[in-house]
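*Asks:* Sequence:
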Amino acid sequence: MAGDCVFCNIIRGRLPAVKLYEDRYVVVFLDIYPAAPGHALVVPKHHAERLEDLPETYRSKLLGAAARVAPAILEATGCEAYNVLINNGRPAGQEIMHVHLHIVPRRTDDGCVTLYCRRSKPGWEELKALGERIRTAMKAS
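Counting from 0, one number per residue, gives the positions in the sequence shown under numbering that gives the first Met the number 0.
Take these hints with a grain of salt, some might be off.
As a list, the in silico PhoX-like pairs of lysine-lysine whose alpha-carbon atoms are at most 20 Å apart [said to hold, decoys possible]:
id, residue 1, residue 2
1, K138, K120
2, K44, K60
3, K127, K60
4, K127, K138
Hints were generated in silico from the structure; no laboratory data involved.
Construct the complete structure from the given sequences, taking the supplied hints into account.
*Replies:* Shown next, in the form of structure tokens:
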């Protein structure tokens, strides 16, 4: 764990948090700057900046904890749905450089805009070429 990491310090009990769930691999707590009431963070107990740096066991436990806690958040808040989001790297909006998953409860017409980026319509050949480059990169790593 990193000594100056906010999430590592929450895991160690050095900083307060309203915990919703905890096991040997993850801790889930309410976000102190929520996008909506019930907005929670699922944080692995292994310090890694990015999802791909996290050992496989922790990656699976991250999503498993989200699936366990999210329905309870909906029941407690009366929300209809939720977003699950990982901001992976600063350009993607990651502010705390310890990988974490957001559960954001949602209501119809709540004013919260989901991830919105300018979209394009690439041609089929462009998609196939990009797919080939990605598959090649996966083989190399």
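*Asks:* Each hint needs a verdict: does it hold in this structure or not?
*Replies:* Tested hints:
| no. | hint | verdict |
| --- | --- | --- |
| 1 | K138 - K120 | violated, 27 Å |
| 2 | K44 - K60 | holds, 10 Å |
| 3 | K127 - K60 | violated, 33 Å |
| 4 | K127 - K138 | holds, 17 Å |
Hint compliance for this structure: hints 1, 3 are not met, and every other hint is.
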